[in-house]
Amino acid sequence: METNNALKTLRNLYGLFMEINYHTEPADFVSELNDKDTFISVHLKNVMLHRTKAKAMLKKRKFEELKEQFIALKKVGLEKLQELFPPAERVEMVKLFNKFEELTEKDIEAINEDQDFLTFISSIKDKIEDEDGIK
Amino acid sequence: MTIEGAGTFFESNSIKLNAVSSVEWEIALRKAEKHLNYRLWNRTSFGAHTIENLGVPAKEYYLNFAYMSVIYGNWEWKDDFDLPQQLIRIIDSRISTVVESYKKAKDKNEGRLKDGKYLLTTTEVSQDIESTFYDLEGDEEISEEDLLKAEVQYEEIEQFILESDDEDLIMFWECVKEGYTRNDIAEFIGKTPKQLDKIKEKLLRQIRKEVIKDNGNQ
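Which chain is which? The protein sequence lines are A and B, in order.
Residue 22 in numbering that gives the first Met the number 0 sits at position 23 of the first sequence; the count goes up by one each step and never skips.
Residue 203 in numbering that gives the first Met the number 0 sits at position 204 of the second sequence; the count goes up by one each step and never skips.
Next comes chain A alone, as it looks inside the complex (with noise of 0.2 Å):
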């Protein structure tokens, strides 16, 4: 019995820490900062090389994305595009509509990078989409 009162209690007593450590803000830890975890250390390690395999995941899955958009706009046809914008927006695209009519597949990895013209992709993209089926 006295066993049992002591385990009760003592949960009590953990589950108390739980809370209150739930309710702790993150600045509350800076000081604890300067002290040496060595298991922590390890595992900050192998979250920030986790972190950088998962960024280059994301950059090959967008690429594959971009890819794959890419080559169905080609497929639709340079002047069918065109003719998703009215001719005002269409003369300030002439520059974006002439890189685009100029790449190849190849040349996919290069505007990866290159926020205005993935900007006008999707713009297409989305005129597509408005148009109901083009697509």
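It should be emphasised that the hints constitute simulated quantities derived from the structure, not laboratory data.
Errors might be hidden in some of the hints.
As the list claims (entries may be wrong) - Chain A is faced by these chain B residues, among others (derived, beta-carbon under 8 Å):
id : residue
1  : G6
2  : E10
3  : I26
4  : K33
5  : R38
6  : Y71
7  : T180
8  : D196
Unchecked claim - In silico lysine to any residue, SDA-like type, Cα no more than 25 Å apart, as pairs:
id : chain 1 : residue 1 : chain 2 : residue 2
9  : B       : K148      : A       : T8
10 : A       : K58       : B       : V19
11 : A       : K44       : B       : E150
12 : A       : K59       : B       : L16
13 : B       : K190      : B       : L161
14 : A       : K58       : A       : Q68
15 : B       : K193      : A       : F28
16 : B       : K201      : A       : L32
17 : A       : K7        : B       : L146
18 : A       : K58       : B       : G6
19 : B       : K77       : A       : N3
20 : A       : K7        : B       : S95
21 : A       : K7        : B       : L16
22 : A       : K35       : B       : L146
23 : A       : K54       : B       : S44
24 : B       : K15       : A       : A55
25 : A       : K61       : B       : K15
26 : A       : K7        : B       : Q205
27 : A       : K59       : B       : S21
28 : B       : K190      : A       : A26
29 : B       : K105      : B       : F45
30 : B       : K176      : A       : K59
31 : A       : K7        : B       : S11
32 : A       : K44       : B       : L146
33 : B       : K15       : A       : Q114
34 : A       : K54       : B       : K105
35 : A       : K61       : B       : V55
36 : A       : K7        : B       : E150
Even for Gly, the Cβ is constructed at its ideal location relative to N, Cα and C.
Assemble the complex: chain A is given as a structure, and chain B must be docked to it using the hints.
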């Protein structure tokens, strides 16, 4: 956890994680580690959370599971929670899943699941996670040795409180015996939850060595 591919929330979690610095990660890991020290107290030498069942020490297993699930998007990092809280929620859910799997395996007289491998399930923890902190009774078996350890630790704290003339600490311990929650205790002894945290720190200093001794290598 192996990386066999990204989960449903890979992209949305990645966007959020781009804003998380290494210092914020370290704080999240430290907070999750503390949670595990408390959660796994008296639970790693017997049953579901042993190395024999999990393949690796329990603390290692659950912490790794939590951050890998966020990084590779197997779990959604919800807007309602900061990173440390999200890790804690994943940990608690995983613990429930492991205990459940262990019990089922035991019921089927399989002894334990092979190599500590479990399916990547996403059992939801109820929104009111605080209530689960106190719901520890009867969820797992406990060895005679751990029972004895608990009794010794309890006696040590009792002795410490008896010799103390700190009224706050005495009241705090009485409330713990009654199973009061953080807000209940703060209200009962007329302190803010922040002030209560200081009292807890005092008590924790007394028992920290025991906690580390019990779970430090798990």
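When the hints from earlier in the document are held up against this structure, which numbers fail?
1, 11, 19, 21, 22, 23, 30, 31, 32, 34, 35
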